[in-house]
Amino acid sequence: MKDITLDEIIDKFEDSSLSELDVSYKDLHVICKRYASASTNNETSVTYTAPQIKENKEETSCKVEDKDKYKTINSPLVGTFYTAPSPDSPAFVKQGDKIAKGDTLCILEAMKMMNELTAEDDYTIVEILSPEGALVEYDQPLFKVKCL
Amino acid sequence: MKDITLDEIIDKFEDSSLSELDVSYKDLHVICKRYASASTNNETSVTYTAPQIKENKEETSCKVEDKDKYKTINSPLVGTFYTAPSPDSPAFVKQGDKIAKGDTLCILEAMKMMNELTAEDDYTIVEILSPEGALVEYDQPLFKVKCL
Amino acid sequence: MKKVLIANRGEIAVRIIRALKLLNISSVAVYSQADKDGLWVKMADQSICIGPARSSESYLNVRNLISAALLSRCDAIHPGVGFLSESASFAKEVTDSGLIFIGPSHQTIAILGDKIEARILAKKAGLPVTPGGFEPIRDLDHLKKEAALIGYPVILKAAFGGGGKGMRIVEKEEDLESSFNLAKQEAMQFFANDTIHIEKYLTHPRHIEVQLLADGNNHVIFLGERDCSVQKNHQKLIEESPSPVVNEKLRNTLKEASIKLFKELKYKGAGTIEFLVEDDLCCFMEVNARIQVEHPVSELVSSLDLIKEMIQIAFDNKNSCTKPSPKLKGHAMEVRINALSCGVITKFNPPLGPFVRCDTHLYTGVNISPFYDSMLAKVIVSGETRMECINRMIVALKEMEIEGINTNIQQSINILSNKQFKSGKYDTTLYKKIEKEI
Amino acid sequence: MKKVLIANRGEIAVRIIRALKLLNISSVAVYSQADKDGLWVKMADQSICIGPARSSESYLNVRNLISAALLSRCDAIHPGVGFLSESASFAKEVTDSGLIFIGPSHQTIAILGDKIEARILAKKAGLPVTPGGFEPIRDLDHLKKEAALIGYPVILKAAFGGGGKGMRIVEKEEDLESSFNLAKQEAMQFFANDTIHIEKYLTHPRHIEVQLLADGNNHVIFLGERDCSVQKNHQKLIEESPSPVVNEKLRNTLKEASIKLFKELKYKGAGTIEFLVEDDLCCFMEVNARIQVEHPVSELVSSLDLIKEMIQIAFDNKNSCTKPSPKLKGHAMEVRINALSCGVITKFNPPLGPFVRCDTHLYTGVNISPFYDSMLAKVIVSGETRMECINRMIVALKEMEIEGINTNIQQSINILSNKQFKSGKYDTTLYKKIEKEI
Chain P
-7 MKDITLDEII
3 DKFEDSSLSE
13 LDVSYKDLHV
23 ICKRYASAST
33 NNETSVTYTA
43 PQIKENKEET
53 SCKVEDKDKY
63 KTINSPLVGT
73 FYTAPSPDSP
83 AFVKQGDKIA
93 KGDTLCILEA
103 MKMMNELTAE
113 DDYTIVEILS
123 PEGALVEYDQ
133 PLFKVKCL
Chain C
-7 MKDITLDEII
3 DKFEDSSLSE
13 LDVSYKDLHV
23 ICKRYASAST
33 NNETSVTYTA
43 PQIKENKEET
53 SCKVEDKDKY
63 KTINSPLVGT
73 FYTAPSPDSP
83 AFVKQGDKIA
93 KGDTLCILEA
103 MKMMNELTAE
113 DDYTIVEILS
123 PEGALVEYDQ
133 PLFKVKCL
Chain U
237 MKKVLIANRG
247 EIAVRIIRAL
257 KLLNISSVAV
267 YSQADKDGLW
277 VKMADQSICI
287 GPARSSESYL
297 NVRNLISAAL
307 LSRCDAIHPG
317 VGFLSESASF
327 AKEVTDSGLI
337 FIGPSHQTIA
347 ILGDKIEARI
357 LAKKAGLPVT
367 PGGFEPIRDL
377 DHLKKEAALI
387 GYPVILKAAF
397 GGGGKGMRIV
407 EKEEDLESSF
417 NLAKQEAMQF
427 FANDTIHIEK
437 YLTHPRHIEV
447 QLLADGNNHV
457 IFLGERDCSV
467 QKNHQKLIEE
477 SPSPVVNEKL
487 RNTLKEASIK
497 LFKELKYKGA
507 GTIEFLVEDD
517 LCCFMEVNAR
527 IQVEHPVSEL
537 VSSLDLIKEM
547 IQIAFDNKNS
557 CTKPSPKLKG
567 HAMEVRINAL
577 SCGVITKFNP
587 PLGPFVRCDT
597 HLYTGVNISP
607 FYDSMLAKVI
617 VSGETRMECI
627 NRMIVALKEM
637 EIEGINTNIQ
647 QSINILSNKQ
657 FKSGKYDTTL
667 YKKIEKEI
Chain Z
237 MKKVLIANRG
247 EIAVRIIRAL
257 KLLNISSVAV
267 YSQADKDGLW
277 VKMADQSICI
287 GPARSSESYL
297 NVRNLISAAL
307 LSRCDAIHPG
317 VGFLSESASF
327 AKEVTDSGLI
337 FIGPSHQTIA
347 ILGDKIEARI
357 LAKKAGLPVT
367 PGGFEPIRDL
377 DHLKKEAALI
387 GYPVILKAAF
397 GGGGKGMRIV
407 EKEEDLESSF
417 NLAKQEAMQF
427 FANDTIHIEK
437 YLTHPRHIEV
447 QLLADGNNHV
457 IFLGERDCSV
467 QKNHQKLIEE
477 SPSPVVNEKL
487 RNTLKEASIK
497 LFKELKYKGA
507 GTIEFLVEDD
517 LCCFMEVNAR
527 IQVEHPVSEL
537 VSSLDLIKEM
547 IQIAFDNKNS
557 CTKPSPKLKG
567 HAMEVRINAL
577 SCGVITKFNP
587 PLGPFVRCDT
597 HLYTGVNISP
607 FYDSMLAKVI
617 VSGETRMECI
627 NRMIVALKEM
637 EIEGINTNIQ
647 QSINILSNKQ
657 FKSGKYDTTL
667 YKKIEKEI
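Protein chains in written order, with my numbering: chain P, -7 to 140; chain C, -7 to 140; chain U, 237 to 674; chain Z, 237 to 674.
Hints listed in this document are in silico derivations from the structure and should not be mistaken for laboratory results.
Where hints are given, some of them may not hold.
Said to hold, decoys possible - Below, a list of computed lysine-lysine pairs in the DSSO-like style, where the Cα atoms sit at most 30 Å apart:
#: 1; chain 1: Z; residue 1: Lys583; chain 2: U; residue 2: Lys661
#: 2; chain 1: Z; residue 1: Lys496; chain 2: Z; residue 2: Lys360
#: 3; chain 1: C; residue 1: Lys93; chain 2: C; residue 2: Lys61
#: 4; chain 1: Z; residue 1: Lys565; chain 2: U; residue 2: Lys485
#: 5; chain 1: Z; residue 1: Lys360; chain 2: U; residue 2: Lys655
#: 6; chain 1: P; residue 1: Lys61; chain 2: C; residue 2: Lys4
#: 7; chain 1: U; residue 1: Lys496; chain 2: U; residue 2: Lys485
#: 8; chain 1: P; residue 1: Lys63; chain 2: Z; residue 2: Lys278
#: 9; chain 1: U; residue 1: Lys496; chain 2: Z; residue 2: Lys565
#: 10; chain 1: U; residue 1: Lys278; chain 2: U; residue 2: Lys563
#: 11; chain 1: C; residue 1: Lys61; chain 2: C; residue 2: Lys104
#: 12; chain 1: Z; residue 1: Lys583; chain 2: U; residue 2: Lys559
#: 13; chain 1: Z; residue 1: Lys491; chain 2: Z; residue 2: Lys583
#: 14; chain 1: Z; residue 1: Lys468; chain 2: Z; residue 2: Lys491
#: 15; chain 1: U; residue 1: Lys554; chain 2: Z; residue 2: Lys634
#: 16; chain 1: U; residue 1: Lys563; chain 2: Z; residue 2: Lys485
#: 17; chain 1: P; residue 1: Lys104; chain 2: P; residue 2: Lys93
#: 18; chain 1: U; residue 1: Lys491; chain 2: Z; residue 2: Lys563
#: 19; chain 1: Z; residue 1: Lys554; chain 2: Z; residue 2: Lys468
#: 20; chain 1: U; residue 1: Lys565; chain 2: Z; residue 2: Lys554
#: 21; chain 1: Z; residue 1: Lys658; chain 2: U; residue 2: Lys559
#: 22; chain 1: Z; residue 1: Lys278; chain 2: U; residue 2: Lys658
#: 23; chain 1: U; residue 1: Lys661; chain 2: U; residue 2: Lys565
#: 24; chain 1: U; residue 1: Lys272; chain 2: Z; residue 2: Lys563
#: 25; chain 1: U; residue 1: Lys554; chain 2: Z; residue 2: Lys381
Claimed, not checked - Computed far set for chain U versus chain Z, every beta-carbon distance over 10 Å:
#: 26; residue: Asn260
#: 27; residue: Gln343
#: 28; residue: Glu484
#: 29; residue: Asn627
#: 30; residue: Glu635
Unchecked claim - Short, incomplete list of chain U residues facing chain Z, as computed with Cβ under 8 Å:
#: 31; residue: Arg251
#: 32; residue: Arg254
#: 33; residue: Leu258
#: 34; residue: Ile261
#: 35; residue: Arg487
#: 36; residue: Pro532
#: 37; residue: Asp541
#: 38; residue: Pro586
#: 39; residue: Leu588
#: 40; residue: Phe591
Heads up, the beta-carbon is just placed ideally off N, CA and C, and yes, glycines get one too.
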């Protein structure tokens, strides 16, 4: 379970119709309260929350769509992650690049062997997830990409 | 069981008619409350809960009354339980007997000493709870009685 | 099948039940109302509630304990440590009831309970003793003469006391009178006897004790010494064997004289003789006529199961006393894990693995009440050397998980990591000295 | 600070991490995707995912293991038991990568992997061997002659095999040909080499093995034998030391010859020599050039920490090989607790207390997956005698709680309580004989 932050709790409370919210999680304990005086706002917000919930559902479905659209490319082995063939060369790919199937994405060095990782499809590179020269584990996400 | 998130709890509460929701799961403890004024929907549900609570209270008070009427007389020591001063004698008390304060109820033998247990009040003996000649522990119920 | 009642609670009750199971002897646990969920209650073959939470009405309730043993048809009572374990009158009542008391005879306990008598016997057996303390102090004049002979600082002690009560350290003659009066008052209050004796006071001693096992029939074996110099307010925190300061010569002296003393006492069971060691001085303090909390340390260096031996001795069964004293091997160390607060244990994981032992009454979900001793567990390790024990203990304590209440685990790790502790060169004042750093 | 990668999983990985912590060496755990919640992953200083659930792509993935060790800047790799622990090629790749392989050299592993070569060396060193098996079988004629010389029943074995594969028991001459062909086929299939040799087959032997420790520098110590005769389908269930059937004379013969063999091999690390003992015959089987699952039994009788010693030897640090072979003390016994089903462990409580050890990777909440070895825990006890070990083990197993999946705890208790097991008079056929009763 991912850690819950104070911001998330308050934002959630703001968006809700609740009068009181008491959250304990690990070392964190938060109590949010909204008194009657604020309730006119709340009632309005309640009116808003109904569609908001719908909106959330749309967001979720959007996320589901996102999930189809975005994916990560993970390491098939344990090795060192390099974005370029040598320190002086330009990187194979950078954020925002459009990549065609078969293009080299990075090099994974393992036991002095340079393994080129190539694209299995056409994507846009959304984010490079591993630092240059870092140890990557098996199945560690290396790139976030958007499917084209 | 899959992990429960704060979002899920609040969303569920939002969609419900509950006035209060208290969830503990692993490290997470969440209490959600909605006051009567907060929403028209909720007020209805509050109207429903009100008699329910009363009903509970009656049940409880009935139990409390029971508790006052019936009680157990417990052993003040570790010993052997005898209902009569000797195997040939009649029992001090039997089921249904009315007992006056100070009457002997039984003998508890411990280290060859015969300890008479006497009534602290007037009762009717409802049930004798220990078998004759059995080892009784400290605080073990010996008699169920009805207070007069 | 034999049956034994354990007149105790907590980890020592669990320890005794394990030994009884090993010997195929039935076990009867006792518990106060506060202890109904105790691990020893769950582990025993039978269990009997003997009173309310307060010790004086439960674990010290002689009548209920003996009744429980008799009515559950026990053959014997094991008193454990603390509570009634050194009560001569309890031992006598147990024996008079036709039960076996697993420990020395009540006469032996009584003799050793008289600290003046014990000192005289110890000296006679050849054990080194501090100057003074061989007769009761008659009056202030007598006290002054004795103090002048012994040399200040001196300590006044209740002859029938223990546990620090009725004790007064006196630095100079002008304080003698008031200290004498206070010591007498306290002794009368706690032990119903105001006999006082005087001894030389050692300011920076090590606490050394030797473990013995005797069958009451002229067979006594010696299981080496334990060093218990890490103490907080006279409460032992860490114990080990062998001691970093006891050499082979001193060990042999203690061994010979200790065995002689126990033979003269016709001692039966496990017993400990405590000494204070300061520079070249090694002085007899007292005999603890019972098993001790820190006995596992001696078990690991001797490979003997002391609780099993005690029970076998009490039943006059085959035991290790007729064999020569065991060859001691390696090093062993114990850390006492204490509660610093009360409450429910929300998670408990003991340390496991090679050469690590954990004696405890903890389990996930048990409630630690404020009524009794704060000890939760003993972690005991063995190894080839003292340093290996220290390292292994640190690994074990880091592995141990107790959640829901506060404990001294981290503090114990800090002591073990302390330079002076590691050097082995310290005395009973160590804890106070390093308290702020740990 | 040194750093070691543990190329293994489960309780042996936990065991190795504890030894590394004791030595103040950093630990790097590896895990498959199925093992991300493994106790060893939580305990190690660092952990690296090396592949999917399937062993061949994770724990047997040499490239990922060595990359993980190199990239996390380890000094050495400990192979544990099973998986790559007896792979000469893995050991060579580790060494070629500039890492230390904690175990014998790859040359030694290769020599001992050739069963014919190993038999010749063992005989030369003075170890008793079964008749036959000193050369590869050339053809059917050669096989017939050898079988006639040795006498039926005989066993055909893959020269580079192990684990029962490529093995065929032959009762009479007419079965030789078909068995020879089948053995060759299997040997080729599993070990890519169809060399076959023939030995006398013992029908009711005990499985005895001796534990050795060597520093690769002419220092070899002998830690006594283990008796592993309680086996279910060649899987050991209970191991103990000493063996009820090995007398002092046989032990000394095995000791001398074993030490000689290890000196000639310039062996480095922990190693085991396995024998079959039937009546007055004691026959060399093979050398296991690695630590074994049942090593704790030898640790408890010798008071040596074998994993610690292996690591110290690999780093050429101070170790126990230069001292005389340790004096063995008392008796020790191990029971393997295996899973009989998969699922989440809803409750785990190990047995605790004196002379009881539990090596395990279990904890409440962990999921036992179907991908790997079914061993959940090893319970190891020590005592003065074999009978004391049996009784203590029964007490410990009754105390142990594993909920959520089925285990062999109760069956193990039944074996320990079996009359024939208790008598000490049985052989590797015991389990099959008593299977219905237990």
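| field | Pair hint Lys104 of chain P and Lys93 of chain P, alpha-carbon separation not exceeding 30 Å | value | Roughly 26 Å separates the two Cα atoms, so the pair holds.
| 30 Å Cα cutoff - pair Lys93 of chain C, Lys61 of chain C | Between Lys93 of chain C and Lys61 of chain C the Cα gap is close to 16 Å, so the pair holds against 30 Å.
| message | Need the status of pair Lys496 of chain U, Lys565 of chain Z: alpha-carbon distance at most 30 Å? | response | Distance of about 28 Å is within 30 Å: holds.
| Holds or violated: are the alpha carbons of Lys554 of chain Z and Lys468 of chain Z at most 30 Å from each other? | violated (39 Å)
| task | Have a go at the Leu258 of chain U hint: is there a Cβ in chain Z nearer than 8 Å to its own Cβ? | result | With a closest approach of 5 Å, the Leu258 of chain U hint holds.
| Is the hinted pair Lys360 of chain Z and Lys655 of chain U satisfied, with a Cα-Cα distance of at most 30 Å? | At roughly 53 Å apart (the allowed maximum being 30 Å), Lys655 of chain U and Lys360 of chain Z break the hint.
| message | Lys554 of chain U and Lys634 of chain Z were given as a pair; does the straight-line alpha-carbon distance stay at or below 30 Å? | response | holds (26 Å)
| query | Keeping to a limit of 30 Å between CA atoms, is the pair of Lys658 of chain Z and Lys559 of chain U held or broken? | reply | holds (25 Å)
| Hey, Lys554 of chain U versus Lys381 of chain Z, does the alpha-carbon distance stay inside 30 Å? | Roughly 59 Å between the alpha carbons, so the hint for Lys554 of chain U and Lys381 of chain Z is violated.
| said: Next pair to validate is Lys583 of chain Z with Lys559 of chain U; report whether the Cα-Cα distance is within 30 Å. | reply: Given that 30 Å is the threshold and the Cα spacing comes to 43 Å, the pair is violated.
| request: Mind checking the alpha carbons of Lys583 of chain Z and Lys661 of chain U for me, to see if they're no more than 30 Å apart? | output: violated (45 Å)
| message | Please verify that the nearest CB of chain Z lies beyond 10 Å from Glu484 of chain U's CB. | response | With a cut-off of 10 Å, Glu484 of chain U remains clear of chain Z, as the shortest Cβ separation is near 19 Å.
Checked against the numbered hints listed earlier, the structure breaks hints 1, 5, 10, 11, 12, 13, 19, 24, 25, 26, 29, 30, 34, 35; every other hint is satisfied.
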